[in-house]
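Chains as they are written, first to last, in the numbering used here: chain A, 1 to 331; chain B, 1 to 343; chain C, 1 to 584.
I should point out that these hints are in silico values taken from the structure, not numbers from a laboratory.
Everything numeric in this text was worked out from a predicted model, so none of it was measured.
Ideal Cβ placement from N, Cα and C applies to all residues, glycine included.
Check the hints yourself; a few may be wrong.
For each label pair, taking beta carbons as the anchor points, the in silico distance ranges come out as [said to hold, decoys possible]:
hint, chain 1, residue 1, chain 2, residue 2, range
1, A, THR155, C, LYS226, 45 to 51 angstroms
2, A, LEU262, B, ILE20, 53 to 59 angstroms
3, A, LYS242, C, ASP288, 55 to 61 angstroms
4, A, TRP174, C, LYS226, 30 to 36 angstroms
5, C, LYS453, A, THR77, 26 to 32 angstroms
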Amino acid sequence: MLAYIGRRMVFALATILVVSAVVFMIFAILPFDPAALTCGQRCNEQIIEANRIRLGLDKPLYEQYFLFISGIFLGRTYGSGSAAFSCPAPSFGYSFNENACVTDMITEALPITINLAVGALILWLTVGIGLGIVAAKFKNRWPDTGSSVFVLLGTSLPTFVTGLALLIWVTIKWKIIPLSLTGYTSLIDNPYKYFQYFILPWITLAIAYAALYTRFTRAALLETLGEDYIRTARAKGVGEQKVFFKHTLRAVLAPLITMASLDFAGLIGGAIITETIFNLPGLGRLTLRSVYEFDLSVVLATTILAATVVIVMNLIVDMLYAVLDPRVRLK
Amino acid sequence: MTQLLSIEDLHVSFPTEDGIVKAVDGVSLTVNSGETVAIVGESGSGKTVTSLSVMGLHKKGSVIIDGSIKINDGGTIKDVVSLNPSEVRDIRGRAVAMIFQDPMSSLHPYYKIGNQLAEAFEVHNPGNKKAAKARAIEMLDLVGISEPAQRAEEFPHQFSGGMRQRVMIAMALMNSPRLLIADEPTTALDVTVQAQILSLLDKLKKEFDMGVLLITHDLGVVAQVADRVSVMYAGQLVEEAPVDDLFYTPKAPYTLGLLKSVPRISANNERLKAIPGQPPSLIHLPQGCAFSARCEYRNLSPVDCAVTPVSLHTDSAGHSSRCHIPIEVRNPVFAKDLQELKS
Amino acid sequence: MRAISARQRATAVASAAALILGTVLVSGVSPASAATTPKTGGILTFLEHEPRLDHLDPSRIYTGRDLAFMNSFHTRTLVAYNPVPGNAGANIVPDLATNTGIPSNEAKTWKFTLRPGTKFEDGVAITCEHVQYGVSRVFATDVITGGPAYLQAWLDIPKDKDGNSIYTGPYKNTPAGVKAFKKAVACSSDNRTITFNLNKSVADFNYLGTYGVISPVQAKKDKGDKYDLNPQATGPYKIAENSKTQLKLVRNKYWSKASDPVRTPYPDEVVIQFGLDEEVIDQIILEDTLPTAMNFGGPLPSNKEKFFSDPSLAKRRMNNSDPYAIYLAFNVKAMPCKEVREAMYYARDAKALLDYAGGPKFAGSYATGVISPLVADDYAPTKVVGPGSPDFMPEGNVAKAKALLETAKTKCPADYKKATEEGITFDVRQSATLNDTIPINEAAYARVGIKVKWNIISSGYYSTIMDPAKQKDISASGWGADWANASTVIPELFASFGGFNLSQNSDDPNYKKFEDKVNLAMKTTDRKKQAAMWKQLDAEAMRNFWVLPTTFGKAQEVWGSQLANVFFWVPQGNPAYGKIWINN
């Protein structure tokens, strides 16, 4: 088991290195010059060149990459003379657009995204699996029909439509939930404000995912109900409730958990649309902004972070699966 | 000899979008203790539907059941058809147990073998976990699984197919049922394993003084273990007889057809004589004999088999058959054909 | 004022001024609440779509709206525009200085005396040395980017052989550079008077004093790049929070009313909320969910009709001319034939394009030149192009365009061939409206037989069209005056020494005599004479068809029901944010 995790970790590190190198390459190939982009309208070659030096783009690509990697372990100093400053290790670079160390930007954005993702996950698992169970249990009766309407709406309405509609109607027009402009408050500091801040984003994200999970849970339950081992359980004299909630649900759990873990990993990478609509300064918005502004160091850092989360979540899923499904053994 | 099961005029039909599927149409049969009764027929002949009806395993609402299925539950006769769901559940796995065709998929992949066995006991003896566990190990031992205590902690995927069928048998016997329904118990197994399972079943039948209702399409299996045989075709019984009578003097053209289609090693390498044609649709059954369209002897009938309804006739020796052809015409022709088969 | 930036939507323009002429350009100015007494207290909130302001550092701000905002609340400058409604708002008044600057030596030397009692937010008294240091920062062109570049061009500091100033700012420098700088920007022995020595006569140098590039900065607080995050306040508010979500200004206790003749702080706090969805912002204002809020970027085009047709919103909106002249710049090197350029002007369907952009109600009016009517002194219809010119037709003058092409056919056959066969290539910014405007343009030019092609630029628009090696035949841009003098328009756009020479027109045979007249106008200190010269030069530039003027723009503002005393501040082209108070 330990050897397995060790091997996977080495593989993960290699993947992250490759990912970062590829992002570096992409930025090198793109026909955009970040130095020219930051220099505004009154541009001339001298200003662009000065910018290039300031951004560290005057150095050859491999050296830039090396500086980036070494910054992670040793920290990095920027500028010269009395305007010099440094980002301590682990440094993922400096954003000249935001005038901040990338590591600080990430550590600021990460809690927001994690809180968004965790809350949404809890909500959509509860609603999605719950509705899926109801739909399967009352197959072809009104609860099933009702849930299929929800599935249809949830899967067909894009997040920006549901999010915007929720925000405009619930907050701005009906004023049910007060407009929250003050920013992120932690759950411990002020639970009321915390929920006020996150409830609509959670619902927005959860609707889309819950619909998928309802559909999946229902289909998986119905499929499992037709399995031979369920018939075996009934033949033993096991009651219907126990057949459903123990034997059937147990079989659906492993794929559900896999799905949830990977979806969760995807969200940590950034719920770009939801974060944008609700103005949550999380990783998704950070990524979007940095791509938009060609802020290479931030793009690199968020990409590496997203890749890391996906890789780690995959490892966790594999280990979870081994726990959940006795047929799977890690080698 | 106690009568354990008595099915009388059982009708099972499924309403579908295309019409009503008459899966079982007036089947009657009995199983006594110490006896193995085989139901033989092709896929779709209604044999599995009959067995599931006995277990009350049809999904409520999706099926119309008529007639009676009387089960002897320790002296009390209970009619499965008229019991409410919880009463049926009480019988299931205790008075009557069942083993299934595919042992690979009939065990829950996520639960330990021992727990799955113990559950069968606990359902009928609630709150007695320890006894259930002990019983599970005892039963695993009984069906010939070595180191049963250790293997009880393992999962189904760690067992071979034959071993899993032994586990299924052990599970069925957890509550010492009097009636055991075995639905194609050996079909999915290797030939060598088949024989072991059949002899195990036979041994246990004696030990537990059970009656066994064996569902199969394999006449070889029937010949090995059955005492009496019921042949089903298109939801109806077409012949019922003690096993030897059936094999030596089959009286229904369909049974003869089945016998002819059994592959055998013989001097003249004749090709297999499969029954021509397909079974009829269970939605649009002919008014007359359901087998008539495929029957090679129908010309011998004095009436038009396809339109004249035909009933089951029982002779003085207790041998029943369903056919329009007069018995005196049938006997010599069938005997001749059978003789040809044996030569 | 800079050109329209990629991210500015409608408003965002700076200090075009309309000085004396009472031209009514400012519609919907509604100091309806002017009769009521100002109230103090409350939180004034601005709702903004962008994730932050481009810059807060006074040396780097160059966007009209951001200047109007920061100068209203946070940053004091030597002189300031008077924050009053109407044309009087364009007058400059003393701010940190006690005067509006005293020129001498043919306006090559300018002296400002500092007001006593002014302080930074940490209580340090402001001296000449601080202003001198603030000015020095703009020479560090690798760190202090973004601001206006007039100081580098005008201060009398020697240049090296590449034409760069020998002074390179306060972060890394040479003794010779420092010496030269201190000679150009000198402090009196009492540290109260600052003297600017210029390398040429600049009659309106004091208008540059309204910009933060001439404002005090404490050397020990200067963190280079990072000063942009939290510059020291000199005005009535200081920065309490500058995050991804908001910029929050609170009262600066070291500011005193006695020392500031310009500002009258009303709200307790001023907040800009960043990153909000534009539709959400509009809905908040429409529904009046946050009655103390103002839409900082102006309403979405799709919501304008809603805002401006509902009578119940009459006191919560304004619709103004903005100081921009929008134009298409020909790359004259690539299109030397004047007749072809002129034909393109007459072939264009100005009406269809203006209507598409929102029509005269929201988008603006047909331009008559590049000097906006808001630069009132220097504006006059050129009578060469646009309304008032003999051949102008809003939907295009096809006959005239055809006739011009006919002339071009014999006079410059190569250009004619390019226009009619190979096609003229437009540099255009990738945008949502492109799919609609391209067909309008193609149809219009096709009427006279001109073929057009499109170079769609998804990123780095200005760095492409500013690069002679990369720019194609024609590109769209906009320009507003930096202050109420066309000296910040005509030379900037057309002179080879200007900062925004898109049209590459210096090889045109007519250029030399044009440039001589520009230099003469810049030297002319008699404002009336100078104004007449700018008007002539605007017309002359139009006659040469170096650019194709399209629109004098308009901008809209909307706000919540509790805001009072919102009025258009002519020179800043935006509301006078510092004069808004909150009723409740």
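Going through the hints against the structure:
no.: 1; hint: A:THR155 x C:LYS226: 45 to 51 angstroms; in the structure: holds, 46 angstroms
no.: 2; hint: A:LEU262 x B:ILE20: 53 to 59 angstroms; in the structure: violated, 46 angstroms
no.: 3; hint: A:LYS242 x C:ASP288: 55 to 61 angstroms; in the structure: holds, 57 angstroms
no.: 4; hint: A:TRP174 x C:LYS226: 30 to 36 angstroms; in the structure: violated, 43 angstroms
no.: 5; hint: C:LYS453 x A:THR77: 26 to 32 angstroms; in the structure: violated, 48 angstroms
When the structure is compared with the earlier hints, violations turn up for hints 2, 4, 5 and for no others.
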